[in-house]
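Keeping their order, the protein sequence lines are chains A and B. The numbering of the first sequence is numbering that gives the first Met the number 0, which starts it at 0 and goes up by one. The numbering of the second sequence is numbering that gives the first Met the number 0, which starts it at 0 and goes up by one.
In short, the hints are calculated from the structure, not lab data. Every value quoted in this text rests on a predicted model; they were computed, and no experiment measured them. Ideal placement from N, C-alpha and C gives every residue a C-beta, glycine not left out. Hints are supplied without guarantee of correctness; some may be wrong.
Said to hold, decoys possible - One-sided excerpt, in silico: chain B residues whose CB lies under 7 Å from chain A:
no., residue
1, 54
2, 57
3, 60
4, 61
5, 106
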Amino acid sequence: MSISLNLIADLQQIWQYQFMQHAIEAGTLTALFAGVTGYFIVLRRSAFTAHAFSEIGFAGAAWAVLSGISPLIGLLLGSNLGGLAIALLGRRAANRDTQIRIVLAFSLGLGLLFLSLYAGYATETYSILFGEILGVSYDQVIETFIAGAAIQVGIGFMYRPLLFASLDEDVAEAKGMPMLALGIAFMIIVAVAVSFSVQVTGVLLVFSLMVTPGATAQYLSRRPSRAIAASVIIALAATWIGLFLAFYTPYPVSFFITGEVFGFYLLVRLVSGSFGQEKASPAGILRPPVDRSG
Amino acid sequence: MTEGQSNLITAENLSAGYSGRAIWSDVNFAFGKGEFVAVIGPNGAGKTTLFRLLLGLQHPMSGHLGIFGATPSRGNPHIGYVPQRHTIDADTNVECLELVRLGFSGTHWGFNPVAHRDRDAALAALEDADATDLAHRPLGALSGGELQRIFLAEALVSNPDVLLLDEPLSNLDIRRETELLHLVNNAVRTRGVTALLIAHNINPLLPHINKVMYVANGRMATGPPHEVLTSETLTQLYGVQVEVLKDPHGNVAIIGVEEHHGDLP
């Protein structure tokens, strides 16, 4: 396998391999829901809590491996339980980073124990921590499709109340929005999104698809609908380019994805001149010149 | 001034508090359509509690509270609310128009099928709040006075009959304070809205308000400012010597109830 100057020929070559087909399909589906979910995670300042249950999910996945069931089940169980607990803690959750960290340290330790009890220790640990997109099966693609569809429908349904609750919690509450239910529903969506993103990026790198595109997109548009579109495009581009590069090099996909989104984040912040300026408005060049929402 | 129907908001022997402990009790008042009421008093006296009762976020301990002829319930679309606390910070890079639109349709599920309706309503509300020029600015980049105008637009956009404003003047300099009060006053006069505004200093409000509600030490005094803001009324109500000082410009300072409210220049 060597890269040519003909992009079409390269892509045809990649598509010949079934594992690459599955990787591209799963990666695309993941980028779609990760980009959308990521925008809300950043808007709601939930990045830390979102990461928290990816690590709780790690303990769940490790337990599942030990028990001989799919790591995905364990991830879903662990991250959903974590998400539910954090949602029930409510708006003060952000101030409980010490408590959350303490629980996280323990859950990572538990995960380590489960994996050390398991014979296939090294490979399983590696794939849970850093992702294994090149080993995705057809069934996993279908699972990812179903989960992705559920996530998109869920966020689509909650779209306006979720935006409202994220931007102005007290007014939304006074207007009768079910804040606790919204918080729990969103945390469950994030837990599912994290669990399915893990097969692409792994537990440790889940932020590269779940948070960095959303954070970058906030500098690109002040209109949520456009920022969400930007977030999805960044996640998609990073996944596709990452898979392409990984196919022709000996380096892991996850590295390319994290590198691309990080590089683009830095670039956008440099261009928008938002480094170190607390109250600065992002630069005019990135601002939509006329508002055309109809 | 305008008497209107003095029954838009009514309280009879109303008591409120948290976990069995009353914060104020046996309160009676009635506010009609188009009245502008200043709610003043020390920190922790229960001013915000009154708003929470009206919004249906909290229930009275005893007595009766009525709004639009019914008991308060959460999510009343006829109330516009500006809370004291907001989640907006410098990192919030969302344009102001979006927040005002959410004030109009943010409680509806799903996407917006007819976006121009809430967009038009939001632009009209921004104009009423003298904030048209802020429509496409990011929320995080606004000054305190600009933010308060956006919050006012967000509250006005649903065309409410009652406006509850919780300390909108805090952190504003005198010029911004005057500007915002004029905007609220305009909404009261042109839309016939009944506005309750919590503030620390009564003096900038005096030219605009019909009534004042003085909350302190578990009691409330309500009525036109010239009746409530006298040494006799407040001394009688609180049972301790309270002095209301007035300067030649009509500014008042209340001395003797925990803190003093108002500044004589």
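Results for each hint:
1. 54: 5 Å, holds
2. 57: It is violated, given that the least Cβ distance between residue 57 of chain B and chain A is near 11 Å, above 7 Å.
3. 60: Where the cut-off is 7 Å and the nearest Cβ of chain A is about 21 Å from residue 60 of chain B, the hint is violated.
4. 61: Not OK, violated: residue 61 of chain B not within 7 Å of chain A, min 23 Å.
5. 106: Constraint on residue 106 of chain B satisfied, holds at 5 Å.
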